Structures are given as structure tokens and as C-alpha cells.
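**Student:** Read off the chains here:
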Amino acid sequence: MSWSSLIPATSFMPIQATEIAKEVDLLYAFLIIASLVSFVILIGGMTWFLIKFKRTSVDQKSAYITHNNFAEFLWSFIPLVIMMGIFYWGMVIFEKLRTPPEDVAAEIHVTAEQWAWTYRYANGKEFYSSANDPMIVPAGKATKLILTSKDVIHSFYVPAFRTKQDAVPGKLTQLWFEPKQPGEYIVFCTEYCGTKHSGMMIKIKAIPSEEYAAWYHAEKKGADSPADLGKVLFAQKACASCHSIDGSRVVGPTMKGLFGSERKFADGTKAKADENYLRESILVSSAKIVETYPAAMPLFQGQLSDEDVANLIEYIKSIK
Amino acid sequence: MSSAHTKTEHGHTDHNYLNHGSGIWSWMTTLDHKRIGLMYFATVSTLFLIGGFFALGIRLHLAKFGAEPLLDPDTYNKFMTFHGAIMVFMVIIPGIPAFLGNFVLPIQLGAKDVAFPRLNLASYYIFIAGAAIAASSMVFNQVDTGWTFYTPYSTAKTSNGVILLVLGAFTMGFSSILTGLNFIVTTHKLRAPGMTMDRIPLMIWALYSTSIIQILATPILAITLLLIGAEKTLGVGIFDPDLGGDPVLFQHFFWFYSHPAVYIMILPAMGVISELITAFSKKTIFGYRAIAYSSVAIAAVSFLVWGHHMFVSGQSTLAGIVFSIITMFVGVPTAIKLFNWISTMYRGTVTFEAPMLFALGFMFLFTIGGLTGVFLASTGMDVHFHDTYFVVAHFHYVMVGGTLMALMGGIFYWFPKMFGRMTSDLGGRISWVLIFTGFNVTFFPQFVLGAMGMPRRYFDYLPEYTNLNQISTVGSWLIGLGFLVGLITIIHGIFKGEKASDNPWGAKTLEWQTSSPPPHENFINTPTVTAGPYDFR
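Those sequence lines, one after another, are chains A and B.
Residues 1 to 320 in full-length UniProt numbering are what the first sequence spells out, letter by letter.
Residues 1 to 537 in full-length UniProt numbering are what the second sequence spells out, letter by letter.
Extracted from the complex, chain B is given alone in its bound form (with noise of 0.2 angstroms):
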């Protein structure tokens, strides 16, 4: 277990980076990527409950317990908005790669930090700014449109508030933009003496495939939101059929960004599960090659699938046909890493601590999300599943199932290297059970709505919907009571854990070869790296 194949000093002293330097404007105005990292924690959590507090609105509301309506329809559909673009551009995109991600890639790399710094440091207040630009849409002028924007909705039937929202996840995507960019230079420039592209880690695989993403897919969204910007001000007509242009070109404009924008939201959680996997089977990764090339295959082919969306909106069949049969490319790389997964458990020595249940918890869910992925990837299956709550459950399923749960495994595993302490793995645990079952429970009775038809988006609905939209709304409690609990069980970890070692899980990546927490360079000596990041022999 120690680290035969790298060779490093630990940092024997009481100094590491979160005591260098003490008071709040060494935080404001640190550098460090581990601190930038945490930084990004705390916002994106902040945003998470606000996010969450809509979505619970929106369940108890749909509940129907009372005999009045808990909200009005121009109140629902404002959560309904606040929930999606809340949870969408603030917490779920930002969330693995921007503090994860960030706190994770320079030390798994063997890095000091990451390419720059200081860029590094301007992107999370470019990201503060957005999210400060969007939640003044909240206050001032209330949008209802969906987290998707659909003209002529957007531009010609509802207030102003838009282009502030507009403005600010266009704001938030610079962001975006300049962290992938930051990554892929800091992957190819910073790695360690003798780690070769074959052995950087898969966490770092899957936020370089990100980052590429970011970095083509971003600029898209961000015209399009310049264009609903300049139709709602100007009237410039590129989507207002009465000044001859198409509504649908935004979709298709829209899509173009926000179908690879699911795989930035989903790559870098393969990218936690895969070092989850390994660590807690005490066994090498199983077809190495096979999830990193299939990482990159995914984020190539993701770019070619946005026309799945759009299947009856009027774009020809023909098209549908061709979207169809690409998208079902998706499902190959993607049945790849399942499949190696489960064979790096095979003949390994699993242990199941907090980390390892929430991984495997991200196995099941996203089988599930994976699997009826395939049912709406299908044409003629799709036309009558299309915007119903079977859509709703299933990329809940994929980003919600996957990406949060990658999101809580990666949070308690990386957590005594970012405090130098432990989490109660009781606590992590308990955390874990409520999550998993209630998410299980709030969202698996939305396929059987979907398939019964009824509609997303929709503030009331027909009689015999009523029993699987309660229980759908008692398992949204659960859920949150599941992450009440594992906040408490991170802020119960910062402060009174008990103190961790320099490598607790015995795990072969970089990071867990320094101290815990880091020094400020990360390492004292520049470790030199003779074999690949998951040799348990």
C-alpha cells in the first residue's frame, strides 16, 4: 500500500494550505487551486439548497395535499424555471469540474497548481458574477420560460426578465470556457516527471474530455443567448417567424450547446466513479484505454446528436432518422464503462464505506437512466414519450442520479484530503440510504406518468395522475432530509472529525501521496511517477 512506484517526501509539518495565510481576503485573493476549489464548494452548495428549495416547492405543490392549489400557475412555472436553470448552469455543470475538478487535477497531475492561476481565480468570480446577473432576473423581473429559452416564447411573450437570466448564464459560460481551458493546458503541460498521457488518472481523462467540450460546445450558448438578447431589444427576426425567421433554428442552435452540455454534466462524475471503483475494490482499473478513449469518444459524438430533441418539432424525418441512429452511438462507449466497472470489482477486495455506497448507487441509477435513454433515442418510441415525465424522470435518472451522487462519493472521499479530517462514515451512510431511496421513489413513478401521458411542465393535471405524483413527492423529502443529513455530516467533518491520515482509503493516485491537507504546492518534493495510477498488485 505504500507508494512503491512514486517516490515522494511527505510535508511533516503543521503547514498546508489552508493555514497559509489566514484572515478572508487570503481566500478572496488566493491562487491556490485547492482553495479556488473550495471556494467553488461552498457557492455551488449555497446555489444547490436554493435549487433545491424550488424543486421541493414544485413537488409539494403537485401533490395537491390541500384543497387549494399551494401555488398559482404564474408562480409554478417561475419555480419550474428556477429549479431547471438553478440546477442546470449554477450547480450540476460547475459542480464536478469547477470544484472538484479543480481541487483534484493539479495534485493528481503532480502539479504545483494549475497552468494559470490567475485566470483560474478570475474564472469563479466571472461564475459569481453570472450567478449574481441570473438571480437578479429572480428579484426584479421574473422569468417563466423554462431553463430552455424556447422562442418565440422567450422573446416575444414574457417580461424582460430573460435577458437578465439570458445574460447571466451567458456570463457563467465564459466561466466554463476558461476552467476547461485552464485544464487541458494544465494536462498537458504540468504532469509529473514520467506521467506519460497512458497514466494520468481517469478522473483526469474524463475532465480533459470535458474541458474539450466546454471549450467548442460554450461559444454556441453563448451566441444563441446573445441572439434571444438582441431579438427581445432590437427585433433582428433570426427567430420571430412575423420578421421571417425560424423559431425552431434557436432549437437546433440551443440543443447544439445543451446536448454536449449533458456530458459535461456526466463525464467528469464517469470520471469520480471510475476512481471510487478502484480504490474500493483495492484492484486496478479494469480496460484502462477502454474508459479513457470511450470518454473521448463521448464527448466526440455528442457534438452530432442535439437532433434527438427535436424529433416532432417539425424538422424533417429524415433528420429524425439520422439523430436517431447517432444517438444510439452514445449508448456504446457508455455500456463500455458499465461493463468495465463491474469487472474492476471482479476479484478485487471490496470495502463499502460512504464513498463506495454512493458510487454504487451512481451504477444503478444511471443503468436505469442509461437504459430508457435508449427507449427516447428510438423514433417512434419517442413521439409519444416527448416532453412527458418519462423525460423528466429519465434525465433526473442520468444527471440528477449520476451526476449528484458522483458529486456526494467524490465530496466524502476527497474530503480528508481537503480537511485533513474524516467524515462520519455513519453519517455518510445514512446520507446515502435516504438519497438513494428517495430518489428511487420521487422519480422511478415518473416513467409510469410519462407512459400514461402526462405532460412535463404542467401545473395541474388529470385525476388519475394523482397517487404516483404524491409518492413522487414524498420521495422528494427524503431526498432532501438525505442531503440535510450530509451537510450536516460535512460541516460535523470540518470541524470535529477525527484526524485523517495521509492516504485513509489506501489509494494509488498522486494526490494521496502527499500530506493531508496538501502544503501549498501541493508537494514538497516533485513526485516522479514510474507506473501507471492504479497499480494494486
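For reference, chain A alone in the conformation it holds in the complex (with noise of 0.2 angstroms):
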């Protein structure tokens, strides 16, 4: 829109890498006009009366005025339909920001610590933060991220892409992004963790999508990918004496097409099982029990380390 262009402060805001980011700086740049607007009303109309108004002689007289209905009306009504409005743009750009779109082209795990990020690549690629490997992802492509923490919680910036997103040790979030083009791209810790909080920054490595594809299957994978050593942990923990992979029904619910299918619960509530719910169920599996199921499952919680968690979701994932 030709409006926002006339304002200079939205060149105060990093480079849109996005197309959310575009949007975020529309509602800013009508933030800030509104609020200029009001700040005129507001403290212009002060100052005005405070001229108009000034006391010149010891006997002058004050206008008796206690109240005016229709004005206080006014100004109570007009104010609310305008934040009614900010809060609704507001709401469908955050709704954007939080929801990943289906077809996502690299997922990454990317775990924080007191002051470095670990990111896992579907297929098993490992890079860590302290050793200055960007995190690489395809331009022009979804990304989704899936955060956690090892120690405190820390918060995962990324100012060119408008987003942002906590990581909770012992909860699994997610973030996501589409770079409009290759580029490299500044991540801050935003949430105070400590000695090195401001140091602790990584760059994302927007690359071609076919540059990536290369990339991703070039090099000799470090170690199995997470799936494969999800395989072997559900092999090792009897996992399939009550899970089939193939949707037939054994003890507990199959396997097959679990990821990202909407769940009824006991209590007649009802939950899209993502990474987190996943994460719940694999824990504490009394937590959400599925209707029409027992509640039979032992609580893995204290024998699975964050990692193998982590794995069996991936293995789970890949099971269609």
C-alpha cells in the first residue's frame, strides 16, 4: 500500500525477509500513524488550551462545566472500535506467524543451552552454534522449527523474519519461516538466560531450495537419522506389543497416519497430536488417554532422555 511508504520509521525495522514480515510492518506503519494522530488530538489539544486557557489576571474566572454525556461517549466508543480493529489485524497476522504451512521443507530440531544452539536435521546432520555453523535452509521454502531447552528457558529471534518464539526446557515449541531469498539472517536469545545472554547468536543461511537439496544429501550422514534410531528404540522398549505401524487395532492405538491426526480423548476432549502432544504421550501417557483405549501404558518419564524422545517422534512421524 502506497500509504505506509510514507512513513520513514518503518525503515527503522530490519529487512523484510519475509512475507509476514511485510505484513507485520504494515500494522506497524498504521500503528504508528494512528498514533501520531492521537498524540495530536491528545497533547495538541492540551497545549492548545494551555495557551488559550492561560491565567492572566488574579480574578479571572473558571467556566463551571462538571461533565458532557455525548463527548465522554465519544471518547470512550471511538477508542474501542479503533483497538477492536488493531486487535483483530493483529490477531490474523499472529495466527499466520504460529501456524506452519503443510508442506514444509526442511524440519529442524534445535535445541538451546547456557550459550549455544544445537540444530538436528531430519536425516541426522548435527551442527552446534559455538563452532559458527550457520543454521542452512532452503529460500523460498517453509522451515519449521522445533525448539526446546536444556537447562533454562531461552528465546529464539529472528529479527528480519518479525518472529520469534521461547524455548521451554521440558515442552517442545515451534517456530516457522519462509525466506524470500537467500541471504543470511541474525538469530538473538531474547529471553535472559544468564552470563553470555547477549552473546549468544547464530546466523541463518538461506540458500537455494536445489542448493539445499544438495546439501542436505551430500555428505556422508554423521550418524543414522533420528528416524532410523527412533526405529531401534521402539524395537528395544516393546513399543509394537501395543502399537501397530500398520493401523490395524492391538492394545493401544496404531501408529499409522498418527502425526498431525486430530485425537479424541476419554474426556471428551479433543487435540491435533503434534510434536508436543506426542512428547506428553510417550512421558506421561495417562495424561491424554484416547477414547475407546485403556489406560495401559507405563510412564516412560525419567527413562527416555530429551533425545530419544525426540527420535521416536521423527520414527513416528515417518510412519504413514
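Since the hints were derived computationally from the structure, they do not count as laboratory data.
Please note that a few of the clues may not be correct.
[Claimed, not checked] According to the in silico footprint, chain B covers these stretches of chain A (three or more CB under 8 angstroms from chain B):
no., stretch
1, 54 to 67
2, 70 to 76
3, 81 to 92
Nothing here was measured: the structure is a model prediction, and the numbers come from that model.
Backbone N, C-alpha and C define an ideal beta-carbon position, used for all residues, glycine too.
Combine the two chains into a complex, taking the hints into account.
**Tutor:** If you want it as C-alpha cells, here you go:
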């Protein structure tokens, strides 16, 4: 829109590296204009009254005005309407920021710790930020991050993408972005995490998607992929005695097509089976019991490491 | 300008509350709300100087003027923590209610004292005890968590000093609760004959709303802080994920107090501003009921918006949306107040003594603080700004620009009543110019830094943020200088100021109908009230 270019303040924002960044900046420009107008009305009005009604003699009389219902209604109602509009606009952007698209080109498990990030790809490639490795992602395609933390809360903030998500220990959160162009983008930690909080920076390097595909498959895998490791663990822990992988009903629900499906629970609630749901169901199976199934699964809390859980989740995701 | 609507007699003797009993012991054991108010004044001012020292240290470090950093990262983090904890728990929260509120509330109601004078004195000593415990954490075992004590950093990854600081804040919470309780009972039971609830001054409405928040929300903080102590010493596992706890639960508990606490800080400031605007416009307040009820509305809504501190914490998208819409509702009563104050000036006869300048400064800074609050209340926008310098700038505009401007205005306004002397108006004006200018130079660039992406609580930053940080630091020294001038003006006023008349501003509320300074029990004869509090006809 043309009016937003009237606001030089948008230039204070970092580069717009995603489509959503543009939308955020449009709302930002609107908020700046609306604030300037409100400021001029309020403080301009105040200044005008101060000049016009300055006391000039000792015995000067003030008017006696106690209230005015119509004016008071207007200045309550109009701000309310404007603020509801801003709320709605912000909500639309928020939902886009929070909902990754169906087809994601890269999924990366990101683990924060004081004061570094580890990123692990689906095929087992793993990088550690203190070695100055950037996080490689495809340009022009969506990347989804699954975040967690080993110690305290950290937050993954990419100013150029206008997005941010806390990495919370004991929990999986997610973040997605789609950089339009190849380039390097800085990532800050924005949740205070101790001595080197301000030094916990990495770069995201977006490369053309063909290059990304070549890079992703080129080098020999450092290890088995998380899904492969998860498959081994699935066998070791005898998961198959209760959970089929071909869709048939055994003691517990099948793993086939589980990820992303809607689950109905014995207490009548529903949830979508995402990473966090799987994590919880593996560790504390009694938290949500799927409808028509018995609460038979043992707790694995304390028996599986975060990495084990992530591997199992990747394996379950692969059973389609 | 005379007390046409109130019937009082002035005490024309030299006997007043300041010389009613002498010696340090008579102060330390006093039950007089006015003396207790002044004791808070001295205490809070001292703590403010300490908190300000840390602020200047932080800013000086961030200016990067020297080749070597001024502070090392751990020292910086401690400075940041002490600055926040002192300013929030020991200056801004008790500042207006415990100091100005204690001094003014009973006189404005036409009462002899607060309802429970002994409890009032006890509240003061509990506050001192809490501040001493918190301060001991500075000496013995230093804390670097930030004033928000987020888990699991505070429980698992830092020194045990946290326990002392948390225990200090816990103790000061009792002082806050007891003061609030005292004010509520005083307001309900000790009003002068004829003073109905719609004739109490707006300062009282603000203190009353604040008191309700204090007694409802502070216990939540107390429990939360105890849980941190329990987690750290006993490992109960409420917040620790390794023990099945949830670190985000702490944030819910913490903000369930600390968001309403923002209004504990700002509502009393709004009360002061309501008094100043009407007194220096010589005109009755516009929309008395709207201002009074909007205080209560803000107090009520303040309990429902805590989740807006957690839009990126991993709470559900739906929760974020719900907290966003409720947060927007706070904007309405806030806008009502601003419009009413401005309308009060319309067709008034306005003068510009130092207290009025601070009130106008409040309006200017609070408007910017309020408007930028809308940016942060909007979910899609907040994701970018969350935990950046934009937030730092926003809450300093609201809490410091708002509360400290009102506090300074209130001090200069009620000073003649407190000490029976006037402050130098020139001194007050110079102080105002320095604080107001310095404040904008310090904090406005921080909005830009936030938009550029600079996160808060950073020991070090990218080169592109350097210039704005240096401007900000220069501004912080102007603020420091402004408060120094203010302090000198106040001390000069106490000892050398010219004698004040009983009602130097020609104001209408009851405290101006007794002598300056007032007698021990405020009024020689209990006043009778026959009209609203701002009847400038």
C-alpha cells in the first residue's frame, strides 16, 4: 500500500526477509500513523488549551463545567472501536506467524542451552552454534523448527522474519518461516539466560532450494537419522506389542497416520497430534487417554532422554 | 477561594505535627500518619538514589565510551537485577501510596488519622525489614536473575542469593497489603460528616482502587516467591521440568501479581494528576464520576490481562488472542482519563507552577507510553517487539515517566502542607526541564532500538545499535542531574523555604482547609463537607 511508504519510521525495522514481515510492517506503519494522530489530538489539544486558557489576572473566573455525556461517550466508544480493529489485525498476523504450512521443506530440531544452539536435521546432520556453523535452510520454502532447551528458558528471535519463540525446557515449541531470498539473517536469544545471554547469537543462512537439496543429501550422514534411531528404540522398548504400525488395532492406538491427526480423548476433549502431544503421550501416557482405549501404557518419564523422545517422534512421524 | 463549602477553623498556634514531640524516638514511635508518610519519603528517596546509581552504571556501560567495557557480564547482570528490583519493589510500588498516600489520605477525608495507626507504623517497619533483607542479597550473595526471577534460571542456575531477594520482596508485600487494608477501612469508616463516596477526592478513589489490587494480588506474589524458595531449597518440583514441573507456570503466577502491580504503580499517579490538573486550572474536574469509575475499571481489568506477557512463551495461540483482546480494553478507561484531564483545562484559568509542569509532563510521557502499549497488546506486532528495547522504552515511559513525574509533582504540590514552607519554584522548574528533556532523550531512542531488533538485558550489542545507545546514555545523565536539582530544591525548601500560607495554590480539597503544617490530629475541629471536592465556582 502506498500510504505506508509515507512513514519513514518503517525504515527502522530490519530488512523484510519474509512475506509476513511485510504484513507486520504494514500494521506497524498503521500503528505509527494512528499513534501520531492520537498524540496530536491529545497533546496538541492540551497545548492549545494551555495557551488559550492561561491565567492572565488574579481574579479571573473559570467556567463551571462538570461533564458532558455525549463527548464522554464518543471518547470512550471511538477508541474502543479502533482498538478492536487493531486487535483483529494483530490476531490475523499472529495466527499466520503461529501456524506452519502443510508442506514444510525442512524440519529442524533446535535445542538451546547456556549459551549455544544445536540444530539437528531429519537425516541426522547435526550442528552446534559455537562452531560458528550457520543454520542452513532453503530459500523460498518453509522451514519448521521444533524448539526445546536443556537448561533454562531461551528465546529464538529472527528480527528479519519478525518472529520469535521461547525454547522451554521440558516442552516442545515450534516456529516456522519462509525466507524469500537467499541470504544470512541474524538470530538473537531474547529470554534472559545468564552471563552470556547477549552473546548467544547464530546466523540462519538461506540458500537456493536446489542447493539446499544437494547440501542436505551430499555429505555422508554423521549418524543414523533420528527416525532410524527412533525405530531401533521403538523395538527395544517393545512399543510394538501394544502399538501397530500398519493401522490394525492392538492394545493401544496404531502409529499409522497418527502424526497430524485429530485425537479424541476419553474425557471428551480433542487435540491435534503434534510434537508436543507425542512427547507428552510417550512420557506421561495417562495425561490424555484416547477414546475407547484403556489407560494401560507405562510412564516413560525419567527413562528416556530428550533426544530419545525426539527420535521416537521422528520415527512416528515417518509411519504414514 | 475561601472555604465556602466546608466549615473548619484553622489552628493559629505554632503547634503542629512536626514539633508535636521532639527527638528521633518520637519519630520512630510515632503513630501520626503524616510523620509515617515522611519516613517513607526519606526511605524511598534513599532507595531511589541507590536504584538510580545502578541505572547510571548500566547506561554508562552500554555507551561503550571506553575501549574496555566498564562492567563484566556478571556485574552488569547484577546491576540490571538490582536496578529493576529496587525501583519496582522499593520505589515505584510504595512511592505514591505509602508516602504521599499516607500523608494526604486521612487529611483529604477529614480524618484524624488512618483507621489503624499502629498497623500503619508496623507496615513501615515491615517495609524496612524487607528492604534490609533484600539489600543483604546485594552484599552477601549476589543475584543476577532480573527482577522477574524467571524459572528455571532462578531456581536451578544461579546463586542462593535469590532466596534473600525473594524473601525481601515477600516481606515488603506484607507492608503493601497492610497499607492497602488500612486505606480501605479509613476510606469507608473515617470520612468527615457530609463526605459521601461521590465527594471524596479523586486521589482517594485512585488510592482506594490501588488498595483493592494490593490486598488481592500481593498474596499471589507472596505464594509465588515462597514457591521459588521451596523449589530452590527443597526441590519440590513445581517449576522444574526435570521433576515434572512447568517453568511457564511460574510466569503465570508471577504476572498474575505483577501485571496488576503495574496499576499499583500507575493508578496512584493518576490520582495525583487529577488533583494537580484541577488545582492549577482553577476549575472543577471534568467528568468526576468517569475518572473515579475508570480507576475501579482499570483495577478490575488489570487482573485479566497477565497473559500478554507471554505471547511467545509457548502458551496456546488461543490464549494469546484472548489476552490480547482483554488487554485492549484497558485502553478505554485510560483514554477516558486523558480526555477528562484535558477537558478540565478547557475554559479554565491555567497557571504553570512546578507541580503543574510535572503534571503536564506526566500527560506527555504517559500518552506516549499508553500508545506504545497498544503496539505490544497487538499479538502479531508483539511477537517482533517482545523482550526488545521497545518494551524497555514502553514501560519506562509508563512507570517512570508516569509514576515519577506524578511523584515529583505531588511532592512539590503538597510540600507546603508537609513542611509549612514553599520550595523554590525556579528550582522545581529547572528540575522539571532536565528530567523531562533527559527522559525523552534517554528512552525515545530505545523505541527505535527495539524496532531495529535490539533485545533487552544485553551486556553487549551489534555495532549498528551504538549511536542510539550513546544518545540514550547522555539522556540518563540529564535525568540524574534533574533529580539532583530536585533534591537540592527540596532540602533547601525544608530549611530555608519561605513560610507557606495554609492554601498557597487556592485548592479546594480538605487538606488545604487546615493549617500548614497541620496540627497533630489534622484539624482543630472536624470539618463538615457540603459539596464536591473541586467546587471552583
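**Student:** Confirm or reject each hint.
**Tutor:** Status of each hint after checking the structure:
Only residues whose beta carbon comes within less than 8 angstroms of a beta carbon in chain B count, and the stretch 54 to 67 of chain A has 11; three or more means the coverage holds. Against chain B, the stretch 70 to 76 of chain A contributes 4 residues with a C-beta closer than 8 angstroms to a partner C-beta. That satisfies the three-residue criterion, and the hint holds. Counting residues of the stretch 81 to 92 of chain A whose beta-carbon sits less than 8 angstroms from any beta-carbon of chain B gives 8, enough to reach three: the coverage restraint holds.
Violation of the numbered hints given earlier is absent; every hint is satisfied by the structure.
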